[in-house]
Amino acid sequence: MIKKLFCIDDDPTTLMLIKMVTEKASFAKEVVTASNGREALDYYQNLAAQPAEQKANYPQLIFLDLNMPFMNGWEFLDEFVRDWYQLFPDTKVVILSSSANPVDKEKAKQYPIIIGYISKPITADLLKMLVKK
Amino acid sequence: MSVFTKQLNILVVEDNPGDFFLIEEYLSDDVLLHNIFHVRTLTELKTKLLTDPTFDIILLDLSLPDGSGETLVKEVLGVAQDIPVVVLTGYADKDFGIKSLSLGVADYLLKDELSASLLTKTTLYSIERRRINGVLQESEKRYKELFHFNPVPMWVYEVSSLQFLDVNQAAVAHYGYSKEEFLKMTILDIRPKESLPELKKTIDTIKTQGSSPKRIWRHLKKNGELIYVEIEGDMFEYSGKKARLILANDITEKLEVENALKQSEQRFRALVQDGADLMTIIGRDGKFRYVSPNHETIVGYRPIDLLYTKVVDFIHEEDKQWMLLAVSSFKLRKSITVQPYRFRHANGSWIWLETTITNLLNDPAIKGIVSNSRDISKRLEAEKQLKQTNERYEAVAQATSDAIWDCDLRTKKTFIAGNGYKKLFGYPYVNEYLDMDFWEQHLHPEDRDKAMKALGESLAEARSQCSSEYRFLKADGDYAHVHDRAFIIYENKQPVRVLGAMQDITTRKYQESILEIEKEIYAYNATAGVPLDFILEKLIHDIETLIPNSLCSIVKLKDGKTLHHIAGNSIPVKYIMAIDGMTIGPQVGSCGTAMYMGKSVIVTDIENDPLWKDYKIVATTNNLYACWSIPIRKGDGEIIGSFATYYHTKKSPKPYEISFIERAANLVGVLLENKEASEKVKQSKERYDIVMKATSDTIWDLDIIKNRITYNKGIHKVFGYNLDHMEVENVQNWWKQCIHPEDLKKVTDTLNDVFEERKSIIQVEYRFKCADGTYKYVLDRGFIIADNDHNPVRIIGAMQDISRRKEEENRLRLLESVITNATDAVLITEAEPLNEPGPAIVYVNDAFTKMTGYTRDEVIGKSPRFLQGKNTSRADLDRLKTALTNWESCELELVNYKKNGEEFWINLSVAPMADNIGIYTHWIAIQRDITERKNREIEREQLIKELNNSNEDLRHFSYITSHNFKAPLSNLIGFLNLIDEIPIENPVLTQIIQGFKTSTHLLNDTINDLIKILVIRDSDSIALHNISFAKMMQQVITQVQNLVNESDAEIKTNFRSAPSVVFNETYLESILLNLLTNAIKYRAYDRPLKINITTKHETEYVVLFFEDNGIGVDLERHREKIFGLYQKFHDRPNSKGMGLYLIKSQLETLGGNIDVESTVDVGTRFILKFKLRNDKKTILH
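Respectively, the protein sequence lines represent chains C and B. Just add 14 to the spot in the first sequence (first one is 1) and you have our numbering. Just add 5 to the spot in the second sequence (first one is 1) and you have our numbering.
Among the hints, erroneous ones may be present.
In silico BS3-like links for lysine-lysine, alpha-carbon gap of 25 angstroms or less [as the list claims (entries may be wrong)]:
{"no.": "1", "chain 1": "B", "residue 1": "Lys514", "chain 2": "B", "residue 2": "Lys498"}
{"no.": "2", "chain 1": "B", "residue 1": "Lys1002", "chain 2": "C", "residue 2": "Lys142"}
{"no.": "3", "chain 1": "B", "residue 1": "Lys455", "chain 2": "B", "residue 2": "Lys514"}
{"no.": "4", "chain 1": "B", "residue 1": "Lys621", "chain 2": "B", "residue 2": "Lys561"}
{"no.": "5", "chain 1": "B", "residue 1": "Lys621", "chain 2": "B", "residue 2": "Lys659"}
{"no.": "6", "chain 1": "C", "residue 1": "Lys33", "chain 2": "B", "residue 2": "Lys904"}
{"no.": "7", "chain 1": "B", "residue 1": "Lys524", "chain 2": "B", "residue 2": "Lys566"}
{"no.": "8", "chain 1": "C", "residue 1": "Lys123", "chain 2": "B", "residue 2": "Lys621"}
{"no.": "9", "chain 1": "B", "residue 1": "Lys1017", "chain 2": "C", "residue 2": "Lys119"}
{"no.": "10", "chain 1": "B", "residue 1": "Lys741", "chain 2": "B", "residue 2": "Lys811"}
{"no.": "11", "chain 1": "B", "residue 1": "Lys543", "chain 2": "B", "residue 2": "Lys639"}
{"no.": "12", "chain 1": "B", "residue 1": "Lys372", "chain 2": "B", "residue 2": "Lys292"}
{"no.": "13", "chain 1": "C", "residue 1": "Lys142", "chain 2": "C", "residue 2": "Lys18"}
{"no.": "14", "chain 1": "C", "residue 1": "Lys38", "chain 2": "B", "residue 2": "Lys1002"}
{"no.": "15", "chain 1": "B", "residue 1": "Lys1149", "chain 2": "B", "residue 2": "Lys1174"}
{"no.": "16", "chain 1": "B", "residue 1": "Lys1017", "chain 2": "C", "residue 2": "Lys121"}
{"no.": "17", "chain 1": "B", "residue 1": "Lys561", "chain 2": "B", "residue 2": "Lys639"}
{"no.": "18", "chain 1": "B", "residue 1": "Lys372", "chain 2": "B", "residue 2": "Lys479"}
To give an idea of the interface, some chain C residues facing chain B are shown, with a C-beta separation under 10 angstroms as derived from the structure [stated by the list, open to error]:
{"no.": "19", "residue": "Asp25"}
{"no.": "20", "residue": "Thr27"}
{"no.": "21", "residue": "Met30"}
{"no.": "22", "residue": "Glu67"}
{"no.": "23", "residue": "Asn81"}
{"no.": "24", "residue": "Met85"}
{"no.": "25", "residue": "Thr105"}
{"no.": "26", "residue": "Ser112"}
{"no.": "27", "residue": "Thr137"}
Non-contacting residues of chain B with respect to chain C, defined by C-beta distances greater than 12 angstroms in every case (computed) [to be verified]:
{"no.": "28", "residue": "Ser73"}
{"no.": "29", "residue": "Asp100"}
{"no.": "30", "residue": "Lys971"}
{"no.": "31", "residue": "Glu986"}
Hints are computed from structural coordinates only; laboratory data are not their basis. All values derive from a computational prediction rather than experimental measurement. Note that CB positions come from ideal geometry on N, CA and C, so glycine has one too.
Generate the whole structure from the sequences, applying the supplied hints.
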């Protein structure tokens, strides 16, 4: 079971659905959310300012949507890897997208931090497979 | 002092034996080879010198028994002449030793100080000093000779005092003063007073600048006569004084002649102004109406003698013709001057007159032609005399420009005098001796022996003159032909000097050579059977020999436009091929320009001459760097070619070379014209022969009275009739029988007309029947013979078979009408030139006018190029030109322009037309207006471009929208999945939720399909594999096993003939799955489903047939739409109308296609074609 899951998606319904599914599948102890890349980066900036104890409890996994306003998933990833990955080295990312553009899937392969590319919707079965990974 | 290679002869004059012994000792100490001779007294010395004058030095003791001191020295010097004398003195006589030097001894030595080395040194110095003195004296002597014996008056004057210092004999003879008188005068004394101020100015210039240019002065002789002299001067040192050497050339005679002419001109002018002209008025009838009284003094007639006589009767027979001609152009102008002509003097002699005539016929006061004439006999005579004098003068001038040389036969040294050598041969002026070798070395190798022999013989025969001609090397490397006249000077019957004058006769030599060549060429030309080519090549060979390093070429001008090489084997073949057929113009190399401009074109540097701008590459790559071209003209002035000489280096012509080539060009002109003329004669003779042979006319003789017609054998040969005695009675019947019914009326009408109008000739064309029943066209010409009452009694005629001509005419008319009436524009041009300005149009049909708006008259003679314009593709025109250049047909589409400027597209097809011997003479072009099609094509291209753009937009748009669909839909499914696990009591709610589920999944499938299609459309690289049909089919069946089982389908497959295909796996799976589910979906419920799948190979495809026995599709109604998107032909469940569209898209993406055959309620057969891929790489991928 994952200690902390970070869901980044602009659609509150999607966030709600993920929360419900993960709770049901007992996937994560704690779920934090952000509605776009910018917000997500703010979260990490805030986290970095916290005492070491809290800092250590950073999200192990990020469910990342690609099409988001203000800052999309790719932009977030680039900045995260550049600014925060060193501070939170055990972070893994799963792309959770409904994009049909084949370019995105190809692009995902170039990021070692990405461990999965899941087409929505997320299901309990998929979560089980992820846990195995 | 290596000059002393021989033994020295030393004479010692010494009476004291002890001293002599000492001297001998000293001299013998030295390595110098010498013989010592010894005399004791003055008397002995004199005797010795008389018998043997070859001593090199005399050592003289000052006190001899028979003489001493100054007297002795003087006497010894007197007998010693050129031999240096060294005085030996005792110490007591030291002062005298010094004094003796002024007497002329070479040196003096004190006996007391005598030593071996001193004696040797003095001896050698004296000898050498004497030798140098000798040379100086010689040179002085030579200058003096040149000065004193020069035929041109010369003198030397001192610049500061203007005093004469020396004058030569010519000056004495010419000016009349003796030498003594001259030396007391200054140069001012030989000038007229009026030129003194100017002279002083000139002298000031000389004093400051050291020189003054050559100019003409007036000089005064002793007898008071004024002469004009050309003065040339040079500064030099004369006995230590600054002096000027003057050469005064008397040119009075020449100037006088010039002045005489000028004066006579002035006199004539004065005459005109004084109104002394002969004046006449001539009436319309050409007779004198008024004659001025001065006629009597000039032409010897009183006016009364001339009045009312014809003017023309007084004009010289030879001048009449052109006089009349000149006057005939008179009508056009008011006043003309006729060139000099001869008018008969009353005493029978001829007077030259120059006349101006003025037309005053319309002037009521005069009503005639006024003539003003001037006697110019004297002027013509003066002109003639002047010309002769001038020639004489030229000859003299020529003579003085000779190169003078002077050879000393004893030393073999040669001295070059004067500027002639420099002028003639271009060598720098060297005022010194040259070895005789120099002359030999400069002789042309072929002439050396001859020239040497000529001189040798003259010397051997002791002649005083020697004349020879040879070639002499010039500074620029050419050889000049030289005529050398030499005078041999003898002394004591031994030849000692040769004085020669070399005259450059190159021009004359060339003239002679040309004459020789011309003579030879004319001789060849007059010889029957010698071909022109041979004569031309012979001429070229001669000229190339005569002008060293030249390569000759003769080109001929064809049709006044293009040039064609006809002779000149030295010209590189590649070059000939490059220039042959070129069109002449104002900047087409030398020959092209020469022929175009009609004048000689001398290009001395091909690389940098603008005329060769476009051709220099071809010339220089063939190593040609200069080209002089002279146009070749016929007798009437027409240019028919050009004669050119090429050179491997830059080269400027010498005047005589040009005149030489000009003569050669003239000669070629004569040859070509001659050849042309003889060819014309030959042609006309051939024509005559052809006519003779071709008089196969059928001659007939009609006797009208007897009504009988007689034929010659033509009636058999041409028409095949076998007539008794070649005769036919009852002519009307015969004609009715033989003349074509359609022509009979024409013939009889013509005959009646001729009879009625009493004409003597009849000519008519008609068809005449042959014995075999066929008709021949004949042209029948008859001569009618009438009796005294003008009644025709007989006609003699000749029937000419013109069937061929007629047929040809008919055929042509037919062709013509086809062309004329064609809807395509037809245009015929001449075959050439393909370069500017292009071939001229000779014909266009009506369609052309309709198409372009240009009428026939506007375009005939022009090149079709005016139809082209700015949007005409350059590349296509180049393609056209290439085809034309190769005489090939060509078809292409071009933009042309109508007369009103409108642009239109044509399909142009051009083909060469040959005459009956296969020579291409014309181009025929057929043009079809394809503007409409072209415009449609252009529109379509535009449309496709726009579509592509909007497609791209659409694609981006689709990705975005698909995402927007997909995201909420995913959520829906996610929530529905969650609901599944929540127990629901209410059965209605369960039903509602089930409805939700079904709809959501259906929507999801649809969206996914749409996205798939989108992805197919967008993929440019799709992985390809070699896929087994059997394996894939099995995989598909397994996926839908439930459906297959449910429908109880019987599936048969046969993939033996094509077991596999290279294709994308996912696509193939999707295709087969879609087909299978379709077949199940649309099965006929009243019979068990049967599916038959087979494959086979075609040339480019693997074909898969997928047949079922289902409900079928009404293809009549739906064929267009069956593979479209969202097309549903049945209301079966789960039908989304996307399957077939997907299949089609997937196949087409990889180059295949799909077709369908179907009968309603019988079944459907899909035919899928997979493109065969031979590329191994793709298969491996």
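Hints and how they fare:
no.: 1; hint: B:Lys514 / B:Lys498; in the structure: violated (36 angstroms)
no.: 2; hint: B:Lys1002 / C:Lys142; in the structure: holds (24 angstroms)
no.: 3; hint: B:Lys455 / B:Lys514; in the structure: holds (17 angstroms)
no.: 4; hint: B:Lys621 / B:Lys561; in the structure: holds (21 angstroms)
no.: 5; hint: B:Lys621 / B:Lys659; in the structure: holds (23 angstroms)
no.: 6; hint: C:Lys33 / B:Lys904; in the structure: violated (82 angstroms)
no.: 7; hint: B:Lys524 / B:Lys566; in the structure: violated (32 angstroms)
no.: 8; hint: C:Lys123 / B:Lys621; in the structure: violated (66 angstroms)
no.: 9; hint: B:Lys1017 / C:Lys119; in the structure: holds (15 angstroms)
no.: 10; hint: B:Lys741 / B:Lys811; in the structure: holds (22 angstroms)
no.: 11; hint: B:Lys543 / B:Lys639; in the structure: holds (21 angstroms)
no.: 12; hint: B:Lys372 / B:Lys292; in the structure: holds (13 angstroms)
no.: 13; hint: C:Lys142 / C:Lys18; in the structure: holds (16 angstroms)
no.: 14; hint: C:Lys38 / B:Lys1002; in the structure: holds (20 angstroms)
no.: 15; hint: B:Lys1149 / B:Lys1174; in the structure: holds (10 angstroms)
no.: 16; hint: B:Lys1017 / C:Lys121; in the structure: holds (19 angstroms)
no.: 17; hint: B:Lys561 / B:Lys639; in the structure: holds (12 angstroms)
no.: 18; hint: B:Lys372 / B:Lys479; in the structure: violated (71 angstroms)
no.: 19; hint: Asp25; in the structure: holds (6 angstroms)
no.: 20; hint: Thr27; in the structure: holds (5 angstroms)
no.: 21; hint: Met30; in the structure: holds (9 angstroms)
no.: 22; hint: Glu67; in the structure: violated (35 angstroms)
no.: 23; hint: Asn81; in the structure: holds (6 angstroms)
no.: 24; hint: Met85; in the structure: violated (17 angstroms)
no.: 25; hint: Thr105; in the structure: violated (24 angstroms)
no.: 26; hint: Ser112; in the structure: holds (4 angstroms)
no.: 27; hint: Thr137; in the structure: holds (6 angstroms)
no.: 28; hint: Ser73; in the structure: holds (132 angstroms)
no.: 29; hint: Asp100; in the structure: holds (123 angstroms)
no.: 30; hint: Lys971; in the structure: violated (4 angstroms)
no.: 31; hint: Glu986; in the structure: violated (7 angstroms)
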